[in-house]
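Protein chains: 2
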Amino acid sequence: MRNTSAYERLVDRFSRLATIGECASMLGWDAAAMMPEGGGAARGDQLAVLAGLAHAQLTATETANELAAAEAEGDPWKEANLSLMRQAYVRATALPADLVEAQARANSACEKVWREARKASDFAMVRPHLEEVVRLVRQSADALAPALGLSPYDALMDGNQRGVRAADVAPVFAAYEAFLAKALPEAEERQARNPAPVRPSGPFPVEAQEALCRRLSERLGLDFAHARLDRSAHPFSGGTPTDVRITTRYVESDFTQAVLAVVHETGHALYERGLPAAYARQPVGEAAGMGIHESQSLIVEMQACRSDAFLSWLGPELHATFGGDPAPYEPANLGRLWRRVERSFIRVDADEMTYPAHVILRFRLEQALVSGDLAVADLPGAWNDGLKALLGIVPPDDARGCLQDIHWYDGAFGYFPSYTLGAMAAAQLMKAARLAVPTLDTALARGDLSPLLGWLRANVHGQGSRLGFNDLLRAATGKSLDPVDFQGHLTARYLS
Amino acid sequence: MRNTSAYERLVDRFSRLATIGECASMLGWDAAAMMPEGGGAARGDQLAVLAGLAHAQLTATETANELAAAEAEGDPWKEANLSLMRQAYVRATALPADLVEAQARANSACEKVWREARKASDFAMVRPHLEEVVRLVRQSADALAPALGLSPYDALMDGNQRGVRAADVAPVFAAYEAFLAKALPEAEERQARNPAPVRPSGPFPVEAQEALCRRLSERLGLDFAHARLDRSAHPFSGGTPTDVRITTRYVESDFTQAVLAVVHETGHALYERGLPAAYARQPVGEAAGMGIHESQSLIVEMQACRSDAFLSWLGPELHATFGGDPAPYEPANLGRLWRRVERSFIRVDADEMTYPAHVILRFRLEQALVSGDLAVADLPGAWNDGLKALLGIVPPDDARGCLQDIHWYDGAFGYFPSYTLGAMAAAQLMKAARLAVPTLDTALARGDLSPLLGWLRANVHGQGSRLGFNDLLRAATGKSLDPVDFQGHLTARYLS
Numbered sequence: 003m004r005n006t007s008a009y010e011r012l013v014d015r016f017s018r019l020a021t022i023g024e025c026a027s028m029l030g031w032d033a034a035a036m037m038p039e040g041g042g043a044a045r046g047d048q049l050a051v052l053a054g055l056a057h058a059q060l061t062a063t064e065t066a067n068e069l070a071a072a073e074a075e076g077d078p079w080k081e082a083n084l085s086l087m088r089q090a091y092v093r094a095t096a097l098p099a100d101l102v103e104a105q106a107r108a109n110s111a112c113e114k115v116w117r118e119a120r121k122a123s124d125f126a127m128v129r130p131h132l133e134e135v136v137r138l139v140r141q142s143a144d145a146l147a148p149a150l151g152l153s154p155y156d157a158l159m160d161g162n163q164r165g166v167r168a169a170d171v172a173p174v175f176a177a178y179e180a181f182l183a184k185a186l187p188e189a190e191e192r193q194a195r196n197p198a199p200v201r202p203s204g205p206f207p208v209e210a211q212e213a214l215c216r217r218l219s220e221r222l223g224l225d226f227a228h229a230r231l232d233r234s235a236h237p238f239s240g241g242t243p244t245d246v247r248i249t250t251r252y253v254e255s256d257f258t259q260a261v262l263a264v265v266h267e268t269g270h271a272l273y274e275r276g277l278p279a280a281y282a283r284q285p286v287g288e289a290a291g292m293g294i295h296e297s298q299s300l301i302v303e304m305q306a307c308r309s310d311a312f313l314s315w316l317g318p319e320l321h322a323t324f325g326g327d328p329a330p331y332e333p334a335n336l337g338r339l340w341r342r343v344e345r346s347f348i349r350v351d352a353d354e355m356t357y358p359a360h361v362i363l364r365f366r367l368e369q370a371l372v373s374g375d376l377a378v379a380d381l382p383g384a385w386n387d388g389l390k391a392l393l394g395i396v397p398p399d400d401a402r403g404c405l406q407d408i409h410w411y412d413g414a415f416g417y418f419p420s421y422t423l424g425a426m427a428a429a430q431l432m433k434a435a436r437l438a439v440p441t442l443d444t445a446l447a448r449g450d451l452s453p454l455l456g457w458l459r460a461n462v463h464g465q466g467s468r469l470g471f472n473d474l475l476r477a478a479t480g481k482s483l484d485p486v487d488f489q490g491h492l493t494a495r496y497l498s
Numbered sequence: 003m004r005n006t007s008a009y010e011r012l013v014d015r016f017s018r019l020a021t022i023g024e025c026a027s028m029l030g031w032d033a034a035a036m037m038p039e040g041g042g043a044a045r046g047d048q049l050a051v052l053a054g055l056a057h058a059q060l061t062a063t064e065t066a067n068e069l070a071a072a073e074a075e076g077d078p079w080k081e082a083n084l085s086l087m088r089q090a091y092v093r094a095t096a097l098p099a100d101l102v103e104a105q106a107r108a109n110s111a112c113e114k115v116w117r118e119a120r121k122a123s124d125f126a127m128v129r130p131h132l133e134e135v136v137r138l139v140r141q142s143a144d145a146l147a148p149a150l151g152l153s154p155y156d157a158l159m160d161g162n163q164r165g166v167r168a169a170d171v172a173p174v175f176a177a178y179e180a181f182l183a184k185a186l187p188e189a190e191e192r193q194a195r196n197p198a199p200v201r202p203s204g205p206f207p208v209e210a211q212e213a214l215c216r217r218l219s220e221r222l223g224l225d226f227a228h229a230r231l232d233r234s235a236h237p238f239s240g241g242t243p244t245d246v247r248i249t250t251r252y253v254e255s256d257f258t259q260a261v262l263a264v265v266h267e268t269g270h271a272l273y274e275r276g277l278p279a280a281y282a283r284q285p286v287g288e289a290a291g292m293g294i295h296e297s298q299s300l301i302v303e304m305q306a307c308r309s310d311a312f313l314s315w316l317g318p319e320l321h322a323t324f325g326g327d328p329a330p331y332e333p334a335n336l337g338r339l340w341r342r343v344e345r346s347f348i349r350v351d352a353d354e355m356t357y358p359a360h361v362i363l364r365f366r367l368e369q370a371l372v373s374g375d376l377a378v379a380d381l382p383g384a385w386n387d388g389l390k391a392l393l394g395i396v397p398p399d400d401a402r403g404c405l406q407d408i409h410w411y412d413g414a415f416g417y418f419p420s421y422t423l424g425a426m427a428a429a430q431l432m433k434a435a436r437l438a439v440p441t442l443d444t445a446l447a448r449g450d451l452s453p454l455l456g457w458l459r460a461n462v463h464g465q466g467s468r469l470g471f472n473d474l475l476r477a478a479t480g481k482s483l484d485p486v487d488f489q490g491h492l493t494a495r496y497l498s
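Protein chains in written order, with the numbering used here: chain A, 3 to 498; chain B, 3 to 498.
Worth flagging that the hints you see were computed from the coordinates, not collected in a lab.
Please read all numbers here as calculations on a predicted model, not as lab measurements.
Some clues are possibly wrong.
[As the list claims (entries may be wrong)] Quick list of in silico lysine to any residue cross-link-like pairs, SDA-like style, CA-CA up to 25 Å:
(1) A:K184 - A:R342
(2) B:K114 - A:H228
(3) A:K114 - B:D351
(4) B:K121 - A:H228
(5) B:K114 - A:P333
(6) A:K114 - B:D407
(7) B:K114 - A:S17
(8) B:K121 - A:A227
(9) A:K114 - A:P398
[Unchecked claim] Computed, partial: chain B to chain A, Cβ under 10 Å:
(10) A104
(11) V200
(12) V208
(13) E212
(14) D232
Just so you know, even glycine gets a beta-carbon here, dropped at the ideal spot from N, CA and C.
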């Protein structure tokens, strides 16, 4: 053993852990963007083995000794790093290695069957698999809860967005439900009085869309010496901070999907690229959680790129790319097209006003699944009742109901709230950024994100995980999460 | 600990090890086919960490105990598996973990500089890096030698092709050198008397080439539910047995490179796909070494696909794909075009008769580098002298000399002989297959590889690593490596 301090040994250990995570991340990207179908089973095993190795690294007895020996020396980054290391260690040691590997395998198996079940809209097909996944999730939550001093559901949510509790989220979501009950009918009414938006008419050659998406992503600030844009069945971002991978899908008849997905994923990728390099592969150098991550995709997509200012630049760019009738590319028309509220069944297609309703539904249902108040067998009915209460509509089948999202079938519980926490944080950060950087909107009107990006690099990206969700918001905006900013954004965009 | 036998625990451990290897393999493919340049440093770290983890798994004290406790029970597969496990353990414990990681990092750093040095044809640029790589290789060989009871160089070669020694290879290569001295001038003379081959004239659209390559690979037996064909700067095969990845490169002016590379890599891929699934992720279920691997690419490329029979099917196929003047696609013309001997500088472009000369040169030089008889600084001169002696030509610069191949710069020593061992084994296996399967050539004339593939599945692919190089050849062909079959093949093709 070299003569290093306990802290230095911890830094080495966590760097190794993060590197294992990078391997898993890249293999996950490959599975979604590249892998032939026949490689699926082996890939599941590969990810399970990596998860097991990471877990063993983290739970080694040396980790506890090093954590005990490492003393904080007043450097807030180092202190935060140590505290995150301890949290990771506590989470990991609370879970037996067998359970970690069993979850990886069960999730992988369930996800595979889910793909078929969704195609066939046949919940019964995947039900036993989901039951097993939920059984293991509950086992895992029950093991984490006492170790973390949290309720089982909070223990899961804390793993996705540190420091956020169901008791904080529930009132914010209840307030939104009340806001929505008034705002949605009003927005629909106003919308009905406006001219109907005109769709640009295609076909839009896939190659041209792809070139446009890449150009746009670069324009927003992504450096393709450290990034790739590929195709996959569902858009996502993955990879590692020095090698980010974003994907999208293209349909010839409509470029909207591809362009908006790329803009969204570029927001995620810019965050990863902006994490503090000095703390690469350290807990404190990672993204500050899934809610903050989503805030960074949404601040780019929803706040910046769907703003009047940006659309006034983007409209002519799109027309120059695809040609044809210029009218549909008028910024005002694009605004009506891309900022349209509509009660619908599918979360990923939802507009920004109804989206939180989809999340609120899942937040309530997953709490009930984890507590045992809701049996997996009763999920389809509970889903349909819940959506009816929130949006007044009932899915015609389970494919458009409880089978639509991969998350639960892949073992992710306590994750869904992050989407709406992110949307709210994005509005709050945008408001603060506009105050701090007066040129922000005039730059957007030139297709230039750099003033916004500069502010985000300083106040969000460069902060890594040093601060928890609300501490980060307080440092950046002067207050912890305040849903009023999001409601203000929606009111300005849809009700005035 | 579950109540399992020592052998079962070893099977678990080696399965885990193989799965780590699969992760590394897939990340290696990605680095060559997909990764943006900026990801290189992190990728090097990722591979180093995986190598370190694999090494730790293998050298754990439990491995020794389990090996000691596991008793052979008369099953030859299990016995062979145990013996391979022990060899892997002995190799790994002979190497300190620090050295394993240091090699991974040094190789990765050297390889990166080599790419620039080759471009600039500047050996001095990469020399210090190669010196470090060689220093670590020698350290590694010196540590392996006593543990394996082999010379340092043999210890390295044994890692690439088990059971083959420099003392076996040297006389085979010396005999070939003597054969070549007579055969090459004769072949050149005969060639000069034949009509000059006519090149099909392009351009050959890259998309059409790619579709053709995929069709051809499928026709040869590759199942694309378990395979991908992508593009990379240099053709290679990678991935895992249930998810094989082959790549090639396309130039618009000539489809030859792409087609022949894909045929070659398909041979590698078919071998991986044919390994015994019952022993997946076990040492005995792996490929039998790099020499045998190369024999499987060359039996497909050189023996089968460049045969008169196959060309009589392929010529019309190519013409149907690319159109134009049919004359260059006449099988006899394709034969003259693709079976042409020529003294040249670049190994990967060499014909099958002069190729062994390139390997013999490297075999002699790398022995001298490992023993210390040759200093890295003297490599360029020794290279040029050696090529002059073997082929009578001198490279005009180091890019076309000692900088041309990645292998040494990536830390691979003791690997080069595998190419020629593979070429010789391919000729020997083809001769045996023709005797055993009389319909083999009539099937090739229909573009049908399946009779050959069936024989290879039974006699080579399905054998995994159960047998060493010469034992496998004895079981399949009745004799250990006999260079006479390769010379016979060359004589039939080029001298009669």
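Could you check the structure against the hints above and give me the numbers of any it violates, in ascending order? Violated hints (numbers, rising): 3, 5, 6, 10, 11, 12, 13; every other hint is consistent with the structure.
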